[in-house]
Each structure stands twice: as C-alpha cells, then as structure tokens.
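Engineer: Sequence:
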Amino acid sequence: MNIGLIGFGSMGRTHAWSIENLKYFYAPLPFSAKITGVCTAHSQTALAACERYGLGRVYTCPEEMIADPSIDVIDICTPNIFHYDTLKKAMRAGKHIYCEKPLCVTADEAFEIASLAKDLGKTYAVVFNTRFMLPVMRAKELVDAGRLGRILSFRGTFFHSSAADPDKNAGWKQNRDICGGGVLFDLGSHTIDLIQYLCGPFTQVSGMSQIAYPSRLGMDGAMWSTNADEAFYLTATLSCGACGTISVGKIMCGTNDDHCFEIYGERGSIRFDLMQPNFLWFYDNAAPAAEKGYTKIECCGRYPAPGGIFPGVKAPVGWLRGHIASMYNFLDGVHCGRSVSPSFDEAAHVQAVMEAAYLSDQTGCREAVRTI
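Residues 3 to 374, numbered by this note's numbering, are exactly what the sequence shown covers, in order.
Quick caveat, the hints were computed from the structure, so don't treat them as lab data. Some clues are possibly wrong.
No farther apart than 27 angstroms at their CA atoms in a straight line, the calculated lysine-lysine pairs in the BS3-like style are these [stated by the list, open to error]:
#1 142 - 36
#2 91 - 124
#3 316 - 25
#4 90 - 142
#5 142 - 124
#6 298 - 142
#7 170 - 142
#8 170 - 36
#9 316 - 142
#10 90 - 36
#11 25 - 90
#12 120 - 91
#13 25 - 36
#14 120 - 90
#15 170 - 90
#16 142 - 120
Treat the numbers as computed from the prediction; the structure is a model and nothing was measured.
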C-alpha cells in the first residue's frame, strides 16, 4: 500500500512513525505499507520531511497527490477546516482514507461524508487513537460481556495545561477560523467518541463554554481576541438511558495529557486514566462483601495477535502505542477489504454531539443530537 500523507505537523510525524514501526510491533505483518509522498502547505516543509525520513516525493498540492494512481491511501493530517474538501476529492478518486479528528467542522459536512462513504466500497477511518490503548479495549470487552450490567452513569474528562499561561501565544487549535471550534473539537471529540464507543450514542446534551483569557498573543505575536472555547462542560443523556458529564479544557494547571473516564453500571464500574496507560480499574459489584474493591487489571503490551510481540507483553506502553494500534487496525482493514471502526458514521455522530453542545451553549437550553 502506497500512502500519501497530507500535513506534517506533530500528527503527521506521529502517523509516519506509526507506519514505519508497524513491522516491529506486529509480526508477521500481513501487508506492506509505506509513505511514498508528502504534501504540506509549504513545500520546503514537505521537502525536509522527505529528505530526513525517506518519505518519497513532494507533491505540490493535495489535488496532485489524490490524482496520482500509484497512491492507494490518503492520510489527512491538516487543520480541520480543510478536511471536508480533501475528503470529498479523495473519496471520488477511489482512495482509502485515514483522517485526523474531527471529521469535519459541521454536522452537515460530516453527515454528507458519512453518506457518501456508504456506496464507495473503500476503507475509511477517523483517528480516535485512545480507543486503541489496551485498557480501553479491555473496558470494551467488559462492557460487551455484561460485566457492568445496565450502564447508569459516566464521567469523562480531558485536561491540558497548554493554554494555562496567558502570556503564551495561541496556536491554530485555539483559533476557530482554522480549527472550526475550540477545545471541544480538539479534546472533546476524543472523549465523546470514547463514551459512544463504550456506552452507546448520545441523544441530548447541555453545553457551557469558557474563555478564561479573552485576549492573548496570537500566532503572529500580535495581541489577539480569543475566538474559541478554552474549556467546555456538558451534561448528556445516552440512548441506553445513562446520564453523565464531559469536561474538557486546556487551562487546567498541573495537567499534561489527562484523559480519563469512569463508567458506572448496575453490576460494576470501570475507570481509566491515560497518564496511567498500563492499567484498567474494575469494580465487581457481584463480588462477596469481604472481597469488594477496585481490581487493578494489568494490560501493558498484551495486544491480541499478531501484536504484543515487541517489546513484550510485560513491557509498559505509552501514548504512541495507541497510534500504532490505530494505524494497524485501519491498514489491516484496507488489506482485507473490510470496513473498520471508528467509522465515518461514528465520527459524524461525534460531530452532531459537538454541534448540539455548541447550540446549547448559545441558547441555554438542552438540545437533541441529530441522527444520520
């Protein structure tokens, strides 16, 4: 599989690293995949990436890459506002697509893309990489096996401190004109996806945004008026009847990549903290009274075959391991000619939840989540 990478910021480098290292973590690797070209907004960035990392040729624009018949997969790592146009062009050209989240910047765009994907017979995935941390995969197994029983409540948080310093320049993910939203798009999309993955779709939400620093230095160093949420808080109801909260923000001092969830059911509960990526906590309410308490389930590198061989099942894992597993899941789907999850449908649902949350923030009312 020849992969064309559009964008080479931190996520572009992460995807390139994941593709290059698949052969070490999954053996035997049932397919061959390599990046054969890079396209960025500035050609010198693409040239430097190709020369430094051996990533093939430089494409002058996405359209040139998409039109190349030798490219099988388009990997989209651009700012959010460019996703919709690139997705449509790549889908119409018959490419398989791996797209960074969020899928688009509006629910209308995301629903259109999801609808178009149904008829084309290609493999598409959105990069909700936290799904592929092994404790999250174990959590899914427990939920699906009924170990929690009926889900009653949940809590999801995702906190960074990247905007906690008012003297720090804003980045593009803080600019609604480029990101399409604020922290709800950047971090909240991950948490919303985890809750729908583990507990089912959303039906209603109430949202409240927060801008802690209305003015700060912009990307160009000049004073800039903050135009996107720096934190967001929502309450939600799921189709299963569960109720819960999601809180995300980049103004939380003392946090790093603090992505956590708690899910409570009639028969048990689970907890996960991305800063402790090797373990899942499980509470079995059916245990005898003398044995009740949270069990610390060791996950480490125990990925299902053909994963888990490197550096070994007992070795601790980190954030990059989720990206490796996410990339394997997608490319194995391309290789086998099957659809994969997280799908464009699932990503469109996340988009609809965020749209309803932003609408609720404006109206002050509880809003229904659109369905595809």
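Engineer: Does residue 25 pair with residue 36 here, judged by a C-alpha cut-off of 27 angstroms?
Structural biologist: holds, 11 angstroms
Engineer: Keeping to a limit of 27 angstroms between CA atoms, is the pair of residue 91 and residue 124 held or broken?
Structural biologist: holds, 14 angstroms
Engineer: For the pair supplied as a hint, residue 142 and residue 124, confirm whether the alpha-carbon distance does not exceed 27 angstroms.
Structural biologist: holds, 26 angstroms
Engineer: Between the alpha carbons of residue 120 and residue 91, is the straight-line distance 27 angstroms or under?
Structural biologist: holds, 16 angstroms
Engineer: Starting from residue 170, check that the Cα of residue 142 is at most 27 angstroms away, please.
Structural biologist: Violated, because 38 angstroms separates the two Cα atoms, which is more than 27 angstroms.
Engineer: Does residue 36 sit within 27 angstroms of residue 170, going by the straight-line distance between their CA atoms?
Structural biologist: Cα-Cα ~37 angstroms, so violated.
Engineer: Given the hinted pair residue 298 and residue 142, is their alpha-carbon gap at most 27 angstroms?
Structural biologist: holds, 16 angstroms
Engineer: Regarding the pair residue 90 and residue 36, is the alpha-carbon distance no greater than 27 angstroms?
Structural biologist: holds, 23 angstroms
Engineer: Would you mind confirming whether the straight-line C-alpha gap from residue 316 to residue 25 stays at or under 27 angstroms?
Structural biologist: Roughly 19 angstroms between the alpha carbons, so the hint for residue 316 and residue 25 holds.
Engineer: Next pair to validate is residue 142 with residue 36; report whether the Cα-Cα distance is within 27 angstroms.
Structural biologist: violated, 31 angstroms
Engineer: Sort out whether residue 90 lies within 27 angstroms of residue 170, counting only the CA atoms.
Structural biologist: violated, 36 angstroms
Engineer: Does the structure keep residue 90 and residue 142 at a Cα separation of 27 angstroms or less?
Structural biologist: violated, 32 angstroms
In summary, the numbered hints that this structure violates are 1, 4, 7, 8, 11, 15.
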